[in-house]
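Modelling step: build the complete structure from the supplied sequences, incorporating the hints.
Going down the list, the sequences are from chains A and B.
Per this note's numbering, residue 221 is the first one in the first sequence, and the count goes up by one each step.
Per this note's numbering, residue 221 is the first one in the second sequence, and the count goes up by one each step.
Treat the hints as calculated values from the structure; they're not laboratory data.
Check the hints yourself; a few may be wrong.
Any copy will do: because identical chains look the same in the list, a pair fits if it lies in one copy or spans two.
Simulated crosslink set (SDA-like; lysine to any residue; CA at most 20 angstroms straight-line) [said to hold, decoys possible]:
(1) Lys328 <-> Val264
(2) Lys358 <-> His288
(3) Lys232 <-> Met334
(4) Lys328 <-> Phe344
(5) Lys254 <-> Gln329
(6) Lys358 <-> Trp298
(7) Lys284 <-> Gln350
(8) Lys358 <-> Gln260
(9) Lys284 <-> Thr399
(10) Lys358 <-> Glu309
(11) Lys240 <-> Leu335
(12) Lys228 <-> Lys273
(13) Lys358 <-> Glu261
(14) Lys250 <-> Glu331
(15) Lys241 <-> Phe226
(16) Lys340 <-> Leu235
(17) Lys241 <-> Leu275
(18) Lys358 <-> Leu348
(19) Lys340 <-> Gln329
(20) Lys337 <-> His288
(21) Lys358 <-> Gly262
(22) Lys358 <-> Thr307
(23) Lys337 <-> Glu234
(24) Lys284 <-> Arg371
(25) Lys228 <-> Thr307
2 protein chains.
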Amino acid sequence: MPELLFQKFDEKIELTDEEKKLSCSFFVPKKLRKRQYLLQEGDVCKYIAFIEKGLLRSYTVDDKGNEHITQFAFEGWWISDQYSFLTGEPSEYNIEAMEDCELLLLTKQTEEGMLEKIPKLERFFRLLLQSNLIATQKRLVSSLSQSAEERYNEFISACPTTLPRRIPQHMLASYLGVTPETISRIRKQMSSKSIK
Amino acid sequence: MPELLFQKFDEKIELTDEEKKLSCSFFVPKKLRKRQYLLQEGDVCKYIAFIEKGLLRSYTVDDKGNEHITQFAFEGWWISDQYSFLTGEPSEYNIEAMEDCELLLLTKQTEEGMLEKIPKLERFFRLLLQSNLIATQKRLVSSLSQSAEERYNEFISACPTTLPRRIPQHMLASYLGVTPETISRIRKQMSSKSIK
Chain A
221 MPELLFQKFD
231 EKIELTDEEK
241 KLSCSFFVPK
251 KLRKRQYLLQ
261 EGDVCKYIAF
271 IEKGLLRSYT
281 VDDKGNEHIT
291 QFAFEGWWIS
301 DQYSFLTGEP
311 SEYNIEAMED
321 CELLLLTKQT
331 EEGMLEKIPK
341 LERFFRLLLQ
351 SNLIATQKRL
361 VSSLSQSAEE
371 RYNEFISACP
381 TTLPRRIPQH
391 MLASYLGVTP
401 ETISRIRKQM
411 SSKSIK
Chain B
221 MPELLFQKFD
231 EKIELTDEEK
241 KLSCSFFVPK
251 KLRKRQYLLQ
261 EGDVCKYIAF
271 IEKGLLRSYT
281 VDDKGNEHIT
291 QFAFEGWWIS
301 DQYSFLTGEP
311 SEYNIEAMED
321 CELLLLTKQT
331 EEGMLEKIPK
341 LERFFRLLLQ
351 SNLIATQKRL
361 VSSLSQSAEE
371 RYNEFISACP
381 TTLPRRIPQH
391 MLASYLGVTP
401 ETISRIRKQM
411 SSKSIK
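Rendered as structure tokens:
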């Protein structure tokens, strides 16, 4: 039984044991090894993935060949390209496993089937999207208005304590829209402050 | 009868005439004159607003006193600060009418009541949040990876043709995270290209 998934359901809605059991039948388990892709640019995003174990990143590559990381997602989170999943258009994103991962996948068809059989999950996904939208809006405002230091501090204070250790410095820099040297400088400044 | 609201419902879900009529009873109509506020920074956001007529903007002010516009919203769109609305925490945003506006408001209580009476609307709001999330993610990627010209062109091609005329140049600059001089330069370049 996917205990972490059930725990996430319980945080937002009330499902009976029967409904939880039924929900499982719509998910397909999938293992990815580190550096394998769930989605590659140009392909249609066929899945919404719930992460039971591991860490993934989604990123896009601009015309000059620079990577821009749009999301890190780890245990208990969901990852997908909503636009491609919804429209069937080819995706502009890549979703790559940064560690060995265990995922539970929904396709468009199984998601619709599940929502039809368990309408309470409409509410779950509405609330999930709401949280996701709030976080994305916050990041957008940060990218428009905050300094590199402020963005770094906001990321560190909002994420679980073990996460920064799992993310290579150059990827965190890409996520925050700064250079790796900037992250290095901020970290040095912070450690010298904490020593004083 | 709020025809535009019903039209928006029809685009995403199927409601009976009875359900549409019932939904109306949860909304409170509100008129705002140009420059009046629906929400001011530091207050709790009490409303989700559907816009029947007019144009609003939401913006935040950074520590240096610079405004950053996060959203323009016009007829047929919704505007709110989801985070403050959801958590009851004071908002960091201002929502101001840029023209005389006619709104339909939901409070947290009336939204919950409406979703309880008309559960199909869970789906409507889920799909609405999904579209909003996709647009916000797209803007985030643009802000991290695109030039001022690319962002301007993307905005112009995605929005209704009359909208740019309704938005003052300095506000569009704030929304795109560039200076008003940059917008001016891009517009000149584009008009000289179209003459040639």
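The hints, checked one at a time:
| no. | hint | in the structure |
| --- | --- | --- |
| 1 | Lys328 <-> Val264 | within (12 angstroms within a copy, 37 angstroms between copies) |
| 2 | Lys358 <-> His288 | both (17 angstroms within a copy, 12 angstroms between copies) |
| 3 | Lys232 <-> Met334 | both (17 angstroms within a copy, 18 angstroms between copies) |
| 4 | Lys328 <-> Phe344 | both (16 angstroms within a copy, 17 angstroms between copies) |
| 5 | Lys254 <-> Gln329 | neither (28 angstroms within a copy, 46 angstroms between copies) |
| 6 | Lys358 <-> Trp298 | both (18 angstroms within a copy, 18 angstroms between copies) |
| 7 | Lys284 <-> Gln350 | neither (33 angstroms within a copy, 29 angstroms between copies) |
| 8 | Lys358 <-> Gln260 | between (27 angstroms within a copy, 17 angstroms between copies) |
| 9 | Lys284 <-> Thr399 | within (16 angstroms within a copy, 24 angstroms between copies) |
| 10 | Lys358 <-> Glu309 | between (27 angstroms within a copy, 14 angstroms between copies) |
| 11 | Lys240 <-> Leu335 | within (12 angstroms within a copy, 22 angstroms between copies) |
| 12 | Lys228 <-> Lys273 | within (14 angstroms within a copy, 39 angstroms between copies) |
| 13 | Lys358 <-> Glu261 | between (26 angstroms within a copy, 15 angstroms between copies) |
| 14 | Lys250 <-> Glu331 | within (16 angstroms within a copy, 38 angstroms between copies) |
| 15 | Lys241 <-> Phe226 | within (10 angstroms within a copy, 37 angstroms between copies) |
| 16 | Lys340 <-> Leu235 | both (8 angstroms within a copy, 18 angstroms between copies) |
| 17 | Lys241 <-> Leu275 | neither (26 angstroms within a copy, 47 angstroms between copies) |
| 18 | Lys358 <-> Leu348 | both (16 angstroms within a copy, 19 angstroms between copies) |
| 19 | Lys340 <-> Gln329 | both (17 angstroms within a copy, 19 angstroms between copies) |
| 20 | Lys337 <-> His288 | neither (38 angstroms within a copy, 43 angstroms between copies) |
| 21 | Lys358 <-> Gly262 | between (28 angstroms within a copy, 16 angstroms between copies) |
| 22 | Lys358 <-> Thr307 | between (25 angstroms within a copy, 15 angstroms between copies) |
| 23 | Lys337 <-> Glu234 | both (15 angstroms within a copy, 18 angstroms between copies) |
| 24 | Lys284 <-> Arg371 | between (24 angstroms within a copy, 16 angstroms between copies) |
| 25 | Lys228 <-> Thr307 | between (27 angstroms within a copy, 18 angstroms between copies) |
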